[in-house]
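Trainee: Numbering (this note's numbering), first residue to last: 15 to 986.
Source of the hints: derived by calculation from the structure; they are not laboratory data.
Please note: incorrect hints may appear among the correct ones.
[Unchecked claim] Below 30 Å or equal to it, Euclidean Cα-Cα: the simulated DSS-like pairs (lysine-lysine) are:
1. Lys407 / Lys380
2. Lys940 / Lys210
3. Lys407 / Lys677
[Stated by the list, open to error] Quick list of simulated restraints, FRET-style, between CB atoms:
4. Ala847 / Ser922: 46 to 56 Å
5. Gly190 / Gly594: 15 to 25 Å
6. Thr461 / Gly594: 43 to 53 Å
7. Ser922 / Thr573: 27 to 37 Å
8. Glu494 / Ala851: 41 to 51 Å
9. Ser875 / Glu379: 37 to 47 Å
10. Thr629 / Thr461: 19 to 29 Å
11. Asp165 / Thr505: 52 to 62 Å
12. His784 / Ser478: 36 to 46 Å
13. Glu794 / Gly594: 25 to 35 Å
14. Ser875 / Lys221: 47 to 57 Å
15. Arg430 / Asp350: 38 to 48 Å
Ideal Cβ positions, reconstructed from N, Cα and C, are used throughout, including at glycine.
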Amino acid sequence: KRLVPVDGESSSAEPSRAPVPDEPIPSVEEDGRSTTETSSVHSPTPAISVRNSEPAQGFPEHAFARPSATHDAETEDIGDRLQQLQLRSSTGPSASLAPGLLSAQAILPSAESGRREQTPRLSPGTFSAASQGSRRRRSSSMHQRRYNVRDEAPPQDRFHEPAFQQGFVEAQSLMGRLARVLGSSALHLNPDSTMKALRDKADELAKFRCPQSRIVGLVGDSGVGKSSLLNSLLDSHNLARTSNGGAACTCVVTEYYYHNRADFVIDVVWFTHEELQQQLRDLVHAYRRNHFHAQEMESEDERRDWAKRAQLAEDTFRAMFTDRFTTAVLRSDDSDDNIVEAYLNWAMDLRHIYDVYRHTVTNLEKECSSLLMRLTSDRDGAEGPGVWPYIKKIRVGLDAHILSTGLVLVDLPGLRDLNKARQNITERYIRECNEIFVVCPIGRATTDGGVQYLFWLARQARLSNVGIICTKADDIRADEAQRDWGGARATEIQRLRGSVAEAEQHLAALIERLDDLEYLEDPTVEEQLQQADLSRQRERTRHVLIENRRFELRRYLITTRNNTVATQLLAHYRDMIPGGNLHVFCASNTLYWDNRELRPPQVATTFLELSGIVTIRRYCMNLVSESQLRIATRYLRDDIPNLLSKVELWVRTGAGTADAEKKRVIREALDQFEDQLRSKFVGAASPLNQLAHELTDAFSEVVYQRRQIHQWTEGAIQAGKVWAGWPHQTYAAFCRHYGAHITKFTAIYRCWNEEAMRSMNDDLAEPWSHLKEEVQRRLEAARVFDLETLEGAVARHFEGNALGAVPETVAPLRTALQSSNRLHVRAIEDLSAKFEANLSKLRTDALSGLRTSYFGQSMESTYWSAICQSGSGSWGRKKDIINGTLRNEAHFKNLMQKLKREFEDLASRFEDDVRSAVEEHLGVTKGTLDMVRSEHVTLESERDPEFRARVAEELGHVKEGLEQVQAVCEVV
Numbered sequence: 015k016r017l018v019p020v021d022g023e024s025s026s027a028e029p030s031r032a033p034v035p036d037e038p039i040p041s042v043e044e045d046g047r048s049t050t051e052t053s054s055v056h057s058p059t060p061a062i063s064v065r066n067s068e069p070a071q072g073f074p075e076h077a078f079a080r081p082s083a084t085h086d087a088e089t090e091d092i093g094d095r096l097q098q099l100q101l102r103s104s105t106g107p108s109a110s111l112a113p114g115l116l117s118a119q120a121i122l123p124s125a126e127s128g129r130r131e132q133t134p135r136l137s138p139g140t141f142s143a144a145s146q147g148s149r150r151r152r153s154s155s156m157h158q159r160r161y162n163v164r165d166e167a168p169p170q171d172r173f174h175e176p177a178f179q180q181g182f183v184e185a186q187s188l189m190g191r192l193a194r195v196l197g198s199s200a201l202h203l204n205p206d207s208t209m210k211a212l213r214d215k216a217d218e219l220a221k222f223r224c225p226q227s228r229i230v231g232l233v234g235d236s237g238v239g240k241s242s243l244l245n246s247l248l249d250s251h252n253l254a255r256t257s258n259g260g261a262a263c264t265c266v267v268t269e270y271y272y273h274n275r276a277d278f279v280i281d282v283v284w285f286t287h288e289e290l291q292q293q294l295r296d297l298v299h300a301y302r303r304n305h306f307h308a309q310e311m312e313s314e315d316e317r318r319d320w321a322k323r324a325q326l327a328e329d330t331f332r333a334m335f336t337d338r339f340t341t342a343v344l345r346s347d348d349s350d351d352n353i354v355e356a357y358l359n360w361a362m363d364l365r366h367i368y369d370v371y372r373h374t375v376t377n378l379e380k381e382c383s384s385l386l387m388r389l390t391s392d393r394d395g396a397e398g399p400g401v402w403p404y405i406k407k408i409r410v411g412l413d414a415h416i417l418s419t420g421l422v423l424v425d426l427p428g429l430r431d432l433n434k435a436r437q438n439i440t441e442r443y444i445r446e447c448n449e450i451f452v453v454c455p456i457g458r459a460t461t462d463g464g465v466q467y468l469f470w471l472a473r474q475a476r477l478s479n480v481g482i483i484c485t486k487a488d489d490i491r492a493d494e495a496q497r498d499w500g501g502a503r504a505t506e507i508q509r510l511r512g513s514v515a516e517a518e519q520h521l522a523a524l525i526e527r528l529d530d531l532e533y534l535e536d537p538t539v540e541e542q543l544q545q546a547d548l549s550r551q552r553e554r555t556r557h558v559l560i561e562n563r564r565f566e567l568r569r570y571l572i573t574t575r576n577n578t579v580a581t582q583l584l585a586h587y588r589d590m591i592p593g594g595n596l597h598v599f600c601a602s603n604t605l606y607w608d609n610r611e612l613r614p615p616q617v618a619t620t621f622l623e624l625s626g627i628v629t630i631r632r633y634c635m636n637l638v639s640e641s642q643l644r645i646a647t648r649y650l651r652d653d654i655p656n657l658l659s660k661v662e663l664w665v666r667t668g669a670g671t672a673d674a675e676k677k678r679v680i681r682e683a684l685d686q687f688e689d690q691l692r693s694k695f696v697g698a699a700s701p702l703n704q705l706a707h708e709l710t711d712a713f714s715e716v717v718y719q720r721r722q723i724h725q726w727t728e729g730a731i732q733a734g735k736v737w738a739g740w741p742h743q744t745y746a747a748f749c750r751h752y753g754a755h756i757t758k759f760t761a762i763y764r765c766w767n768e769e770a771m772r773s774m775n776d777d778l779a780e781p782w783s784h785l786k787e788e789v790q791r792r793l794e795a796a797r798v799f800d801l802e803t804l805e806g807a808v809a810r811h812f813e814g815n816a817l818g819a820v821p822e823t824v825a826p827l828r829t830a831l832q833s834s835n836r837l838h839v840r841a842i843e844d845l846s847a848k849f850e851a852n853l854s855k856l857r858t859d860a861l862s863g864l865r866t867s868y869f870g871q872s873m874e875s876t877y878w879s880a881i882c883q884s885g886s887g888s889w890g891r892k893k894d895i896i897n898g899t900l901r902n903e904a905h906f907k908n909l910m911q912k913l914k915r916e917f918e919d920l921a922s923r924f925e926d927d928v929r930s931a932v933e934e935h936l937g938v939t940k941g942t943l944d945m946v947r948s949e950h951v952t953l954e955s956e957r958d959p960e961f962r963a964r965v966a967e968e969l970g971h972v973k974e975g976l977e978q979v980q981a982v983c984e985v986v
């Protein structure tokens, strides 16, 4: 019979282009999975001992090698081996062709046995015809290493360049060698010895790691796939888990930071007594208002809102107090205050849980995950009260690659939480993050309310570090996309679907041919060879051709939809953030975990890149690079040379030849140097002692004296009149959302706080810019004074005086002082940068309409009073409450006074920090000078000449090695 053409041969039959039945791409982001089954013709088909007969899904074509020349050579002797071949029908009994059977893997590929649950794997030894070669391939498949996130390509920046990383590691190694040499004598055992201090510092530098320097927050509503995304980024499948039951589940900020050990560390930060009391008061009031006044509420939206608040209160109380709680107390005639006091006493009875969960270390990921579930949910089956209502923040330390460079990932509750305390925590935390991503399902990304709210908040807080991550990128159907997209994209989908259908028809034809050959009573050798070849083609078609074409269809659907959604989001939100530098990512946790364990790693990589997780992980790690490069450069340029100069100074002190008189003169010169340096820095005339006063004067002159309280109040009154003309339901909805909301009537996000402050912001915008310039000028003047004082002191006292008589000692001393001076100047620069960052946050507090801003906090009680109005005439009472506050000039007066106090405190803290840095530097300078003028140090260095010689020799090697490292790392 004529063979069906395969492997690129032309076919006389025209392939069908009819659309194939579409199947949903599976998703695990809703606590469930769907699987795609491959349909096939279930007819009697020769099955030659194929393990794991279900094909792995979605492998790219490049992962499969076609039969090579080597393969053909292996099949030349197939006639002899067929004498030992046995074919078995998948539906009938075996038919023996000859005694002494050969393993079926000699002809067909074997998929790896023992697949992990719902995780397909690929055996790389595909389609081998040689028995021995097949066994080798199966063995290598079983032992082939898995995908390792640490092998992912690092970010493309200077810090992650291999040469820089290798130089950094080599520098640490040099410090380790030096520490071992410095510890090779008993001198370092004396706790007061200079050698102990030097040896400890060398050991510290050998273990140096760049500190945690960047925080990336993930914020999103419940059910958007945020926890699954975190697990994927951390490469830990089940660490961050979500509760499956109950309305009362987590609203807890959870930080994930790097922990350089195999275990997991969980630390819990609890609410204070006052914070807990306020939350209980809000919850009690919400429940009782809904219970006693629901019938008085005028709109269904209002009743629905209060019902949600009451349900949240009840769920929280049941979690906190379990069987002790009943609704009878809340429905009684007792006052709110008495009920709150009783609940607070109950809560204090449970304070012992603080000690149980405050700090935990576990060795197993499963135990860590279970503990996190216990801490963040009341539905984990554990007995006793839930602890999540008492928790303010959780910190989790683990060894995750994405965190290894100093990144901190933070899981943040949604910004629209009904618990205002937790919403405020999230809002404040967002302002502390270096990068914020709002997470939402890709299907509703362009209309998601959480995305809209975050970008409104970002505009208010002048945040430029906001991005979007769309989850469930794999959740797309080909038939729906083809129908909805139209045009060229629909044509391409039809072509790809037709290609899949053609491959499936080809497979059906192969199976039919094999069915015909299977029932031959006495097949010839040629027929047996034909049957073996068809079986091989069937498996290649099933595992390669079909799956490759399905993968191409899947990839086209995902990437096309990703690009479309990203373009729409960029067009809509880019202009809402300063600079317009908006990053949009699309991710599929399903693709990541379904293919994470594929072997070899090159196969897994194709799917993991398509999942988007690898790209997001690389981007987050790149955020750390700039600060890490600065820290690592300082380590190579300043920290290590500073230690080496002190070690050299120790060596030279013991080898010196100065007599007693010369030593006395040197001590007097160094004493004079220290006294003058101290007087210059901390004396009454030092400008560093006037920093707070100068900064405060600048603020008062440029900003505070520009206040126009009456004019600003009039502007707020006019804004209130505009809102009063809105429909009643719209007005009430804005009250319930504390002035920041969007409705059909407004069409866009509106913020009452912002609009009430508009006159104030218009008046202070330019003065605040002038204040920033004045602050920068004064900070630069302080830095220049600091630098010139240090450099001038060293230049004046180390040239042309008694110190010139001992150049062998003065040279390393001068080097040590200069390196210490550089470190001190860097510290002052860091403090100045911190002050400017705090000044920016202060501006947001004072001049934004955020709920956590000064204006927002002062309006909190006003909104709450308006919210609580119901019944006849409630609309008028709501307006009277809001407008009454806006008419009060004390509102803006108190705001400006608070701003003035906060700026003064900020300036005072900055001056205190500068003074502390100066005192610390003077202490370091004294210690360096003591290495020359102290007899104890001299005697210590002279005590063991052989040890001193070893130190000197190793110091030479380390200095030479450091020069090479600095050259490679381009550190100047």
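Trainee: Now tell me, hint by hint, if it's right for this structure.
Mentor: Cross-check of the supplied hints:
Our distance criterion of 30 Å between C-alpha atoms is met by Lys407 and Lys380, whose separation comes to about 21 Å. With a C-alpha separation of about 17 Å, the suggested pairing of Lys940 with Lys210 holds against the 30 Å cut-off. For the suggested pair Lys407 and Lys677, the alpha carbons sit about 59 Å apart, so the restraint of at most 30 Å is broken. At roughly 18 Å, the beta carbons of Ala847 and Ser922 sit outside the given window of 46 to 56 Å.
In this structure the hint that Gly190 and Gly594 lie 15 to 25 Å apart at CB is violated, the actual value being about 47 Å. Between Thr461 and Gly594 the beta carbon distance is about 21 Å. The supplied range of 43 to 53 Å is therefore violated. Taking 27 to 37 Å as the suggested C-beta distance range, the pair Ser922 and Thr573 does not conform, at roughly 55 Å. For Glu494 and Ala851, the hinted distance range of 41 to 51 Å is satisfied, since their beta carbons lie about 48 Å from each other.
Distance hint check for Ser875 and Glu379: the Cβ-Cβ separation is about 45 Å, which falls inside the suggested range of 37 to 47 Å. The beta-carbon spacing between Thr629 and Thr461, approximately 24 Å, falls within the hinted interval of 19 to 29 Å. Restraint check, Asp165 to Thr505: a C-beta distance of roughly 39 Å breaks the suggested window 52 to 62 Å. Against the hinted window of 36 to 46 Å, the Cβ-Cβ separation of His784 and Ser478 comes to about 22 Å, which falls outside the hint.
Taking the beta carbon of each, Glu794 and Gly594 are about 29 Å apart, inside 25 to 35 Å as hinted. Hint check: Ser875 to Lys221, Cβ distance near 52 Å, so the stated range 47 to 57 Å holds. One distance hint, 38 to 48 Å for the beta-carbon pair Arg430 and Asp350, is violated here, with the actual separation near 25 Å.
The structure is inconsistent with the numbered hints 3, 4, 5, 6, 7, 11, 12 and 15, although it conforms to all the rest.
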